[in-house]
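Asks: One letter stands for each residue in the lines below.
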Amino acid sequence: DQQVKQNSPSLSVQEGRISILNCDYTNSMFDYFLWYKKYPAEGPTFLISISSIKDKNEDGRFTVFLNKSAKHLSLHIVPSQPGDSAVYFCAASESSGGGNKLTFGTGTQLKVEL
Amino acid sequence: EAQVTQNPRYLITVTGKKLTVTCSQNMNHEYMSWYRQDPGLGLRQIYYSMNVEVTDKGDVPEGYKVSRKEKRNFPLILESPSPNQTSLYFCASSPYQAGQPQHFGDGTRLSIL
Numbered sequence: 022d023q024q025v026k027q028n029s030p031s032l033s034v035q036e037g038r039i040s041i042l043n044c045d046y047t048n049s050m051f052d053y054f055l056w057y058k059k060y061p062a063e064g065p066t067f068l069i070s071i072s073s074i075k076d077k078n079e080d081g082r083f084t085v086f087l088n089k090s091a092k093h094l095s096l097h098i099v100p101s102q103p104g105d106s107a108v109y110f111c112a113a114s115e116s117s118g119g120g121n122k123l124t125f126g127t128g129t130q131l132k133v134e135l
Numbered sequence: 075e076a077q078v079t080q081n082p083r084y085l086i087t088v089t090g091k092k093l094t095v096t097c098s099q100n101m102n103h104e105y106m107s108w109y110r111q112d113p114g115l116g117l118r119q120i121y122y123s124m125n126v127e128v129t130d131k132g133d134v135p136e137g138y139k140v141s142r143k144e145k146r147n148f149p150l151i152l153e154s155p156s157p158n159q160t161s162l163y164f165c166a167s168s169p170y171q172a173g174q175p176q177h178f179g180d181g182t183r184l185s186i187l
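Protein chains in written order, with the working numbering: chain A, 22 to 135; chain B, 75 to 187.
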């Protein structure tokens, strides 16, 4: 049972435009959500996170929006740059379980074209 | 430099030959975890450890063992590897608290023939 879902395996965007990556979850106990970026032959690197008490978090060109009622979050990248081309993973964590287990989505391959 | 180091980066081996993938972190993190990444399945947790001598199963633990004798090291052991364990493996570490970003190693690509 996939508790975190990224329904778009790939996304292609022109340089300078907005990239919107989406993520849905089913477990209402999740209270932290994170986005990771992964380049080939490297490990995932942390990008941005949001806790369930917020609905928006911004860091430079990256903004994450959380809609708890819809169990949906999205990552906006504005403006998109060719270096943003990577696989993006959404992940979720619940504090009630103890520790820091992350449940990941299946990833979205973003391609930013010139 | 804060880092998680995995070795080896690549390994091709045969069914049944025991192997160990090492993982070491220099950030004094309590929490460490192993994941495998397979096409269309994302990253799935194999085992995790909340501190020294405290380990537990993740979502896909069958065929794997781990140990945490020291805080910095968290090796992944395949006692009798099988072809279905061919995958890309990642070790990660973080502070104990939920929501803390996990730091990942660069991955180990295992091929079991």
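One should not assume that every hint holds.
To be verified - Short, incomplete list of chain B residues facing chain A, as computed with Cβ under 7 Å:
no.: 1; residue: 84
no.: 2; residue: 86
no.: 3; residue: 90
no.: 4; residue: 105
no.: 5; residue: 113
no.: 6; residue: 127
no.: 7; residue: 137
no.: 8; residue: 138
no.: 9; residue: 149
no.: 10; residue: 168
no.: 11; residue: 172
no.: 12; residue: 174
no.: 13; residue: 181
Unchecked claim - Below, simulated DSSO-like cross-link-like pairs (lysine-lysine); rule was C-alpha separation at most 27 Å, straight line:
no.: 14; chain 1: B; residue 1: 131; chain 2: A; residue 2: 122
no.: 15; chain 1: B; residue 1: 131; chain 2: A; residue 2: 26
no.: 16; chain 1: B; residue 1: 143; chain 2: A; residue 2: 122
no.: 17; chain 1: A; residue 1: 75; chain 2: A; residue 2: 58
no.: 18; chain 1: B; residue 1: 139; chain 2: A; residue 2: 122
If you are wondering where the hints come from, they were derived from the structure by calculation, not from laboratory data.
Ideal Cβ positions, reconstructed from N, Cα and C, are used throughout, including at glycine.
Asks: Determine for every hint whether it applies to the structure shown.
Replies: The hints, checked one at a time:
1. Nearest Cβ of chain A to the Cβ of residue 84 of chain B: about 10 Å, over the 7 Å cut. The hint is violated.
2. Hint status for residue 86 of chain B: violated, given a least beta-carbon distance of 17 Å to chain A, over 7 Å.
3. Hint status for residue 90 of chain B relative to chain A: violated, with the closest Cβ pair at about 28 Å, above 7 Å.
4. Contact between residue 105 of chain B and chain A, as hinted, is supported at the beta carbon level, the nearest pair being about 5 Å apart and thus within 7 Å.
5. A cut of 7 Å between beta carbons decides the hint on residue 113 of chain B: the least distance to chain A is about 9 Å, and the hint is violated.
6. Evaluation of the residue 127 of chain B hint against chain A yields a violated restraint, the C-beta minimum of about 15 Å exceeding 7 Å.
7. The interface hint given for residue 137 of chain B is violated, since its Cβ lies 20 Å from the closest Cβ of chain A, which is over the 7 Å cut-off.
8. Given hint, residue 138 of chain B at the interface with chain A, is violated; its Cβ is 16 Å from that chain's nearest Cβ, farther than 7 Å.
9. Residue-level restraint check for residue 149 of chain B is violated (minimum Cβ-Cβ distance to chain A is 17 Å; threshold 7 Å).
10. The closest approach between the C-beta of residue 168 of chain B and any C-beta of chain A is roughly 5 Å, which is under the 7 Å cut-off, so the hint is satisfied.
11. About 4 Å separates the beta-carbon of residue 172 of chain B from the nearest beta-carbon of chain A, less than 7 Å, and the hint is met.
12. This hint holds: residue 174 of chain B has a C-beta 6 Å from the nearest C-beta of chain A, less than the 7 Å allowed.
13. Because the closest C-beta pair between residue 181 of chain B and chain A is about 6 Å apart, less than 7 Å, the hint holds.
14. Annotation: proposed proximity of residue 131 of chain B to residue 122 of chain A holds, straight-line Cα distance about 11 Å (limit 27 Å).
15. Between residue 131 of chain B and residue 26 of chain A the CA atoms are separated by roughly 22 Å; this keeps the pair inside 27 Å, and the hint holds.
16. Proposed proximity of residue 143 of chain B and residue 122 of chain A is supported: the alpha carbons are some 20 Å apart, at most 27 Å.
17. This hinted pair checks out: residue 75 of chain A and residue 58 of chain A have alpha carbons roughly 22 Å apart, not beyond 27 Å.
18. Pair hint residue 139 of chain B plus residue 122 of chain A holds up; C-alpha atoms about 18 Å apart against a cutoff of 27 Å.
In terms of the numbered hints stated before, the structure departs from hints 1, 2, 3, 5, 6, 7, 8, 9, listed from lowest to highest.
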